[in-house]
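Trainee: Sequence:
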Amino acid sequence: MREQIRELIETTILTLSIFAVLQFSIQNYLVQGPSMVPTLNEGERLFVNKLIYKRFPSLELSKNSPFITRSEDKYIYLFNPPKKGEIVVFKSPNITSIKIVKRAIGLPGDEISINNGTVNVNNTPIDEPYVTNLGNSNIPNFKVPPNHLFVLGDNRLQSDDSRSWGLLNSKNIIGRVFIIYWPLNNFKLF
Numbered sequence: 658m659r660e661q662i663r664e665l666i667e668t669t670i671l672t673l674s675i676f677a678v679l680q681f682s683i684q685n686y687l688v689q690g691p692s693m694v695p696t697l698n699e700g701e702r703l704f705v706n707k708l709i710y711k712r713f714p715s716l717e718l719s720k721n722s723p724f725i726t727r728s729e730d731k732y733i734y735l736f737n738p739p740k741k742g743e744i745v746v747f748k749s750p751n752i753t754s755i756k757i758v759k760r761a762i763g764l765p766g767d768e769i770s771i772n773n774g775t776v777n778v779n780n781t782p783i784d785e786p787y788v789t790n791l792g793n794s795n796i797p798n799f800k801v802p803p804n805h806l807f808v809l810g811d812n813r814l815q816s817d818d819s820r821s822w823g824l825l826n827s828k829n830i831i832g833r834v835f836i837i838y839w840p841l842n843n844f845k846l847f
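Numbering (my numbering), first residue to last: 658 to 847.
If you are wondering where the hints come from, they were derived from the structure by calculation, not from laboratory data. Heads up, a few of these hints could be off.
Straight line, CA to CA, 25 Å or less: simulated BS3-like cross-link-like pairs of lysine-lysine [what the hints assert, rightly or not]:
no.: 1; residue 1: LYS800; residue 2: LYS740
no.: 2; residue 1: LYS748; residue 2: LYS711
no.: 3; residue 1: LYS711; residue 2: LYS800
no.: 4; residue 1: LYS707; residue 2: LYS741
no.: 5; residue 1: LYS828; residue 2: LYS711
Beta-carbon label-pair distances, calculated as ranges [unchecked claim]:
no.: 6; residue 1: LYS741; residue 2: GLU660; range: 16 to 24 Å
no.: 7; residue 1: PHE844; residue 2: GLU664; range: 33 to 41 Å
no.: 8; residue 1: GLY823; residue 2: LEU665; range: 19 to 27 Å
no.: 9; residue 1: ASN780; residue 2: ARG702; range: 17 to 25 Å
no.: 10; residue 1: SER682; residue 2: ILE796; range: 20 to 28 Å
no.: 11; residue 1: SER682; residue 2: SER754; range: 34 to 42 Å
no.: 12; residue 1: TRP839; residue 2: ASN751; range: 25 to 33 Å
Here the structure is a predicted model, which is why all the values come from computation and not from measurement. All C-beta atoms, glycine included, are put in the ideal place defined by N, C-alpha and C.
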C-alpha cells in the first residue's frame, strides 16, 4: 500500500511538472481571418514557441559571455531575438486580450520603406515568395527603433498590420509559430 501511494505521488508530481513546462513554453493559436493567406489559413491551429524570444534586461557581466545572445535592443535572449521572415504571435497593440499573427519584416536598426507595394529593408527590395499580391501601399523611409518590429501580413490586401497601426513593441510578442498541427492535411513545420 505504501508503495502504491509513493508511485501515485511521483506520477502526480511528474504530470504536474510536465504540464508546467508545456504551459510555460508552448501555446496553441487559432488563425482567425485571411491576413496570412496563403501561408496560414483561417481555422488552422498552430503551436507557438513561447521560450524562443524570452528576454531579460542586459547586465554588465553578460557582455563578455560567449553563451548569451544579445541584441541591439539591450536585452539578453534565452535563445534568439526575432529574425526577419519569422512568423510571430503577439498581443494586439490596441487590445491586448486579442492575439495576432504576422511576419517579422523589419528589426531594430533596420531602415524600412514601401514603394508601390515593394518592401525595402536597408534600401534593398526583399524577396517575398509568400506574398501573392504586393498591393500598392507606400511608406516613406524610416528606421525601426530599439525594442520594436515592423510586421506585415502575407495577404497584403487584407491585412491590418504595421502599415496601419505602427510598429510592434517587442514586449507584446508571445512567441514564434513553429507548427501548423490542425487540420492534419495542412501539417507543417516552420
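Trainee: Just tell me: holds or violated, for the beta carbon distance of TRP839 and ASN751 against 25 to 33 Å?
Mentor: holds, 28 Å
Trainee: Take the C-beta atom of LYS741 and the C-beta atom of GLU660, compute their distance, and say whether it sits inside 16 to 24 Å.
Mentor: violated, 56 Å
Trainee: Would the hint linking LYS707 and LYS741 be met if the CA-CA limit is 25 Å?
Mentor: Measuring from Cα to Cα gives roughly 17 Å; hence the hint holds.
Trainee: Taking the CB of PHE844 and the CB of GLU664, does the distance hold inside 33 to 41 Å?
Mentor: holds, 36 Å
Trainee: Run the distance test for LYS711 versus LYS800: straight-line Cα separation, threshold 25 Å.
Mentor: holds, 24 Å
Trainee: Run the distance test for LYS748 versus LYS711: straight-line Cα separation, threshold 25 Å.
Mentor: Answer holds: LYS748 to LYS711 is near 15 Å, not above 25 Å.
Trainee: For the range 17 to 25 Å, tell me whether the beta carbons of ASN780 and ARG702 fit it or not.
Mentor: This hint is violated: roughly 38 Å between Cβ atoms.
Trainee: Using the Cβ atoms, figure out if SER682 sits within 34 to 42 Å of SER754.
Mentor: Cβ of SER682 to Cβ of SER754: about 22 Å, so the range 34 to 42 Å is violated.
Trainee: Next pair to validate is LYS800 with LYS740; report whether the Cα-Cα distance is within 25 Å.
Mentor: Holds, at roughly 16 Å.
Trainee: Between LYS828 and LYS711, does the CA-CA distance stay at or below 25 Å?
Mentor: Holds. LYS828 to LYS711 sits at ~10 Å (cutoff 25 Å).
Trainee: Range first: 19 to 27 Å. Now tell me if the beta carbons of GLY823 and LEU665 are that far apart.
Mentor: violated, 53 Å
Trainee: Is it true that SER682 and ILE796 lie within 20 to 28 Å of each other by Cβ?
Mentor: With Cβ atoms ~35 Å apart, the hint is violated.
Taken one by one, the earlier hints fail for this structure at numbers 6, 8, 9, 10 and 11, listed in ascending order.
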